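K.L.:
Per UniProt numbering, the very first residue in the sequence shown carries number 1; after that it's consecutive.
Hints are computed from structural coordinates only; laboratory data are not their basis. Quick caveat: nothing in here was measured; it's all calculated off a predicted structure. Worth double-checking, as some hints may not be accurate.
To be verified - Below, a list of computed lysine-lysine pairs in the DSSO-like style, where the Cα atoms sit at most 27 Å apart:
id, residue 1, residue 2
1, LYS169, LYS181
2, LYS115, LYS99
3, LYS99, LYS40
4, LYS33, LYS115
5, LYS292, LYS316
6, LYS179, LYS169
7, LYS169, LYS99
8, LYS292, LYS325
As the list claims (entries may be wrong) - Ranges of calculated distance between the beta carbons of each label pair, as one might list FRET restraints:
id, residue 1, residue 2, range
9, GLU151, ASP234, 25 to 31 Å
10, LYS99, ARG48, 24 to 30 Å
11, GLU151, GLN297, 25 to 31 Å
12, GLN211, LEU266, 49 to 55 Å
13, LEU93, LEU235, 21 to 27 Å
14, LEU163, THR270, 54 to 60 Å
15, ASP32, GLY305, 46 to 52 Å
16, ALA226, GLY305, 43 to 49 Å
We put the CB at the ideal spot given by N, CA and C, even for glycine.
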Amino acid sequence: MAEAKDTLHRQLSLLRLIPEYPRYTSSQTLRDKLHERGFKVDLRTVQRDLNRLSIPFSLISQNISGRNEWSHAEGAPLDLRDMDPATALALHLAESHLKSLLPQSMLDLLGPQFKRARNYLDNLNQNDLAHWARRVRAHPNGKALLPAHIETGVWQAVSSALLERRQLKVDYLSRSTAKRKELLLHPAGLISRHSISYLIANVNGYDDLRQFALHRIQNAECLDAAAQQTESLDLDHYIRFGGFNSSSPVEEVELVADVSQQIAWLLRETPLSHEQNLEPLAGSDWQRLRAKVPDDQETLWWVFGLAENVRVHEPKSWAQTIREKTARLTALYAD
Numbered sequence: 001m002a003e004a005k006d007t008l009h010r011q012l013s014l015l016r017l018i019p020e021y022p023r024y025t026s027s028q029t030l031r032d033k034l035h036e037r038g039f040k041v042d043l044r045t046v047q048r049d050l051n052r053l054s055i056p057f058s059l060i061s062q063n064i065s066g067r068n069e070w071s072h073a074e075g076a077p078l079d080l081r082d083m084d085p086a087t088a089l090a091l092h093l094a095e096s097h098l099k100s101l102l103p104q105s106m107l108d109l110l111g112p113q114f115k116r117a118r119n120y121l122d123n124l125n126q127n128d129l130a131h132w133a134r135r136v137r138a139h140p141n142g143k144a145l146l147p148a149h150i151e152t153g154v155w156q157a158v159s160s161a162l163l164e165r166r167q168l169k170v171d172y173l174s175r176s177t178a179k180r181k182e183l184l185l186h187p188a189g190l191i192s193r194h195s196i197s198y199l200i201a202n203v204n205g206y207d208d209l210r211q212f213a214l215h216r217i218q219n220a221e222c223l224d225a226a227a228q229q230t231e232s233l234d235l236d237h238y239i240r241f242g243g244f245n246s247s248s249p250v251e252e253v254e255l256v257a258d259v260s261q262q263i264a265w266l267l268r269e270t271p272l273s274h275e276q277n278l279e280p281l282a283g284s285d286w287q288r289l290r291a292k293v294p295d296d297q298e299t300l301w302w303v304f305g306l307a308e309n310v311r312v313h314e315p316k317s318w319a320q321t322i323r324e325k326t327a328r329l330t331a332l333y334a335d
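Could you put together the complete structure from these sequences and hints?
P.N.:
This is the structure:
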């Protein structure tokens with residue numbers, strides 16, 4: 001049964017690869033394209049399939065320079081637009097990532113395609129690309145928190161407002177006050193960061209951009225009124241120059257630190273930055289690290305997380321912060 005299903009998928013893929021008259025393609029080319037799609041068949045099998053399919057699917061052939069070339073007959077009533085292994089694999093691997101990035105209206109349209117891709121791959125047994133889907137996973141480096149829950153209605157309203165450039169009325173839970181507040185927002189962008197997605201928007205009556213965690217939006221309504229547009233917003237520039245770190249552009253500093261052998265090995269393979277240098281320390285298996293890094297909390301927290309595997313010399317402010325954090329940590333475990 002499994003072999004019969006694979007044969008059917010292969011023959012459907014073959015039919016989709018054949019151009020419509022007056023264009024032709026050779027058996028050899030069709031075999032090569034089937035190989036690209038994960039079907040490992042020889043030329044004789046392709047030729048046999050073509051001969052079997054030629055009558056029921058109105059295929060025509062002609063001999064060009066000693067080779068049989070194939071075409072769908074002009075006006076053949078056949079629509080074979082559907083999945084192929086490569087498309088199914090791409091959709092399957094992208095599904096979980098896209099759920100937090102695409103507007104709900106598009107997710108609704110893609111839902112059947114995602115399901116069809118999963119079913120298509122599940123029904124393939126001998127195709128290399130189907131095996132790839134079972135053998136490949138993305139695994140985060142370090143502890144990854146579960147994604148914050150976003151109500152479906154909230155995501156639908158937010159994504160629609162952003163897509164259609166309309167105002168958004170929300171009830172937002174402030175983390176600092178733990179109170180709900182009704183806000184009228186002008187959506188400008190959406191950024192997914194680790195396990196949390198943020199709406200970048202202006203509050204009505206203000207020009208500065210602010211960040212609103214989607215999971216803290218209690219209710220949301222997409223209004224008919226047009227949103228104020230921030231045409232000059234460049235999300236890449238916003239992220240790089242202070243959007244998520246401070247109210248001002250993030251400067252670079254030179255990190256100078258002694259790191260253990262294990263961390264030195266890690267940083268050789270996956271550097272902190274393009275400007276990084278590691279030098280052995282005399283009389284020790286530790287190494288001196290020098291690297292240009294962003295002067296932000298995220299990088300400082302990462303360094304602090306190395307614990308007893310690092311000693312920071314520069315910046316002095318980082319070394320002082322780590323000393324203070326370590327003192328507070330020691331006090332917590334004093335008993």
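K.L.:
State for each hint whether it applies.
P.N.:
Evaluation of the provided hints:
As the CA atoms of LYS169 and LYS181 are separated by approximately 11 Å, the hinted pair is consistent with the 27 Å bound. Among the hinted pairs, LYS115 with LYS99 is consistent with the structure: their alpha-carbon atoms are about 14 Å apart, no more than 27 Å. In summary, the hint linking LYS99 to LYS40 is not supported, as the alpha carbons are separated by about 33 Å, beyond the 27 Å threshold. Only pairs whose Cα atoms come within 27 Å are accepted, and LYS33 paired with LYS115 is accepted, the gap being roughly 25 Å.
For the hint linking LYS292 to LYS316, the alpha-carbon distance of about 15 Å falls within 27 Å, and the restraint holds. This hinted pair checks out: LYS179 and LYS169 have alpha carbons roughly 16 Å apart, not beyond 27 Å. Restraint check: the Cα-Cα separation between LYS169 and LYS99 comes to about 23 Å, which is no more than 27 Å; the hinted pair holds. A threshold of 27 Å between alpha carbons decides the hint, and for LYS292 with LYS325 the separation of about 23 Å falls inside it, so the pair holds.
Hint check: GLU151 to ASP234, Cβ distance near 30 Å, so the stated range 25 to 31 Å holds. Our hint of 24 to 30 Å for LYS99 and ARG48 is violated, since their Cβ atoms are close to 43 Å apart. In this structure the hint that GLU151 and GLN297 lie 25 to 31 Å apart at CB holds, the actual value being about 29 Å. Between GLN211 and LEU266 the C-beta distance comes to about 31 Å, which lies outside the given range of 49 to 55 Å.
Here the CB-CB span from LEU93 to LEU235 is close to 24 Å, well matched to the stated 21 to 27 Å. As the Cβ distance of LEU163 to THR270 is approximately 36 Å, the hint placing it in 54 to 60 Å is violated. A beta carbon spacing of about 50 Å between ASP32 and GLY305 agrees with the range 46 to 52 Å that was offered as a hint. In this structure, ALA226 and GLY305 meet the distance hint of 43 to 49 Å, their C-beta atoms being roughly 45 Å apart.
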